[in-house]
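Participant: As a plain string of letters, each chain reads:
2 protein chains.
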Amino acid sequence: MESLLFQPLVDALASDQPQSVAEAANLFNAADLAEFIEQNIENEAGRYVFQNLPLTLRAKVLGYTTPDTQLLLTEATPLAELSILTAEMPSDDRVDFFNLLEESRQKQLLRKLDQEDRDVLTALLAHAEGTAGSLMSTDYAVFESGITASEAIDILRKTAENKETIYQSYVIDGHGVLIGVVSLRRLIVAKPDTLIDSLLATGLVSARTDTSQDDVARLITKYDLLALPILDHHDRLAGIITYDDAMDVIEAEATEDIHKGGSVSNLDTGITTASPFSLYRSRIQWLVILVFANIFTGAGIAHFEDIIGAHLALLFFMPLLVASAGNAGAQSATLVVRGIATGDVVNRDWIRLFNKELIVATALGLTMALTVWTVGVFRTELAIATTVAITMIAVVLAGGLIGILLPLLLNRLGVDPAAASIPLITTIADVSGVMIYFSIATIILGP
Amino acid sequence: MESLLFQPLVDALASDQPQSVAEAANLFNAADLAEFIEQNIENEAGRYVFQNLPLTLRAKVLGYTTPDTQLLLTEATPLAELSILTAEMPSDDRVDFFNLLEESRQKQLLRKLDQEDRDVLTALLAHAEGTAGSLMSTDYAVFESGITASEAIDILRKTAENKETIYQSYVIDGHGVLIGVVSLRRLIVAKPDTLIDSLLATGLVSARTDTSQDDVARLITKYDLLALPILDHHDRLAGIITYDDAMDVIEAEATEDIHKGGSVSNLDTGITTASPFSLYRSRIQWLVILVFANIFTGAGIAHFEDIIGAHLALLFFMPLLVASAGNAGAQSATLVVRGIATGDVVNRDWIRLFNKELIVATALGLTMALTVWTVGVFRTELAIATTVAITMIAVVLAGGLIGILLPLLLNRLGVDPAAASIPLITTIADVSGVMIYFSIATIILGP
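Line order of the protein sequences matches chains A and F. First residue of the first sequence? That's 25 in this note's numbering, and the numbers climb one at a time after it. First residue of the second sequence? That's 25 in this note's numbering, and the numbers climb one at a time after it.
Please note: incorrect hints may appear among the correct ones.
Because identical chains cannot be distinguished in the list, a pair is counted as satisfied if it fits within a single copy or across any two copies.
Claimed, not checked - DSSO-like, lysine-lysine: derived pairs with alpha carbons at most 30 Å apart:
| hint | residue 1 | residue 2 |
| --- | --- | --- |
| 1 | 215 | 187 |
| 2 | 182 | 246 |
| 3 | 246 | 84 |
| 4 | 131 | 84 |
| 5 | 246 | 380 |
| 6 | 246 | 187 |
| 7 | 215 | 182 |
| 8 | 136 | 246 |
| 9 | 182 | 84 |
| 10 | 84 | 215 |
| 11 | 380 | 131 |
| 12 | 136 | 187 |
| 13 | 182 | 136 |
| 14 | 136 | 84 |
| 15 | 187 | 131 |
| 16 | 380 | 84 |
| 17 | 136 | 215 |
Don't read these hints as lab results, they were simulated from the structure.
With these hints in hand, go ahead and build the complete structure from the sequences.
Facilitator: Put into structure tokens, the structure is as follows:
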């Protein structure tokens, strides 16, 4: 399918004429071209297509490719051409690209840029990774208060080319302080001589340069914004973040949260593009932590050596009970951690969530106890089946409550509960499961 | 903090005058009002604010509230008012709202709508849940081919009020077949007498009414679209889906994937709003499945009763080894499942991913074997420490490879690998871990 989509480009490449490659490329938009180039980066066709695109399009295509591909595509580009290319990029892409380069090349490139571009770039570079400042673009449309709708439209018409969006414009006072936002929709619909000040949207939503990118994405999603204005600490407009960047953040955040749930940490990219070493690094940390956590479970078993030796049949149910405690813990922890991430759960909810989990986990435990007792009576003696059934209720309840309380406690202590990873909670529930099981067994089956 | 934001509204409510409530509400945008109403739905203040909003704003606010709140807010609304309210809603919100109502009320409401609204509604209702058709809006701006940029802007100016977006307009031929998309940006910048046909964007991206909503969201993200045109099977424009709906889909999909990773299935809402019963239902299914899966682990242990009885110390390391197999499996499964969900991994990648995992899992296994051997020699005899270390390499490798292959196999068989849930893969890795451990122990420590 994919090869069919790109057939015109493949044919043009076969003809080996730069002119026909450029013409064929003209049929595609930047995102598609980026995909083709990405797929063919290793066989030179990707680079060849890229080199034969007009400069503006090349700048756009770069914004859609991965960091690795960006470096590959530009490593041989002469400095003079590279400076024009970076000048053509939207200011947010430009910062990301600049950050990829080696320091010596950064310095050379910086010297080639004109004063204004250089100032913008160094200002944007000053913001910490993961903040609104590092994500924002400075290519926004801005009006001073007091002009009319038709004057505003005229300004947009003339400056549209260099703007990230012209659908939202920002109105500032003489000090650069943001007064409000006016949409092109309102400008178009309004009578031409209406003052823009009377067209401002109600309930201005904005963020700060040091707001986290997750919070920015959440604001854009919550208010269905096309773009969010970013203010410095004097309330002056410093930049904007558009919805498409927010979508990328939401997707990246979701990937990070899903990875962490599977005890994979700090992996920016997917499994196909990550190197074996970065995969190793992102996985070994939690595996080793969990080794030490599980040693406690082993110690727990050692403590109950006598009762196990006397009733070896208890062992057959151990994986089941330990896994059930862990699974119940993983379930409630997953729900709470996701709730915290989306802003659905806040710390003061804890009593309500605890009580709810008490009801849900008891019901879950009873159902599972019944299931396991029914299986148990056919496979072992009644006393053991009963021990297992009673334990099941206890461990599901314990696991479920640990899963609720631990993430909330971590959040209270200022630790990101997703980073603390659900596998650790599962392991703690596991250990508790072992202790509860053999304690109950000791009581029922005697010392 | 939140109460401070809404202070003007709280003060107005205290004054008990509908007029001042309406004025205070006027300071907020629809998303904020929805939040306030949602927070105060139980103490009547929410309903009171809602009732005192102008009808257009009420329609907008409804679109930002949860289904439960929508029903609560409108249950007492007389039919005549309800029909005006639904007519004011964007067509996509209208369908969702309509689907919430009881069948008798649906029928009554349908009779109250005028012919055109009724036709649009019934057409949209015909599309299956989760498809583009069920998500799309019919309030798009459309031009017939052959008009000029200034004529197009005039049309937009007059019809803007009823459109979901005027920033992307759709150009169709005499049969309603979509020819292309033109942005308001291009219309504004172009000379007034330019034909819109020459302003169309290159590389038209569209989807079908039966395309899944995940694929729609992926297209919108990939191409940074403001809106995606949706075609029927005669290539006629049937509706559009805007970026804000795509953001909601991405977030909902991420929540679903994260829940499934924690073995919670089919929970549409978060832990704070879900009822204990729906939480029970979403969790019991996997817990019971995992009970049966874990019985195999128990049976595996039973099979090795003799070697365990002879060397009880083996037991202390069992939780550790089983958990390591499961964790390694969960890690690689998480990476593959997420890769499949984002389109990063396709089936033909399997050999490449298998080989990569072979390298990574061997490295992980060696590191962990070294760790556990070091711990082991201080706590038990050398033969057992060595058995444990060798087993560690084998189980991490087995777990890692199962985690890679099983999701790909499920995907190949047409089963959504996220739905098959990572906990099951973890459990399969657990069972393998037990078998491998005691088999190796039998070989090294004798029968």
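Participant: Run the structure past the numbered hints and jot down the numbers of the failing ones, going up.
Facilitator: 8, 11, 16, 17
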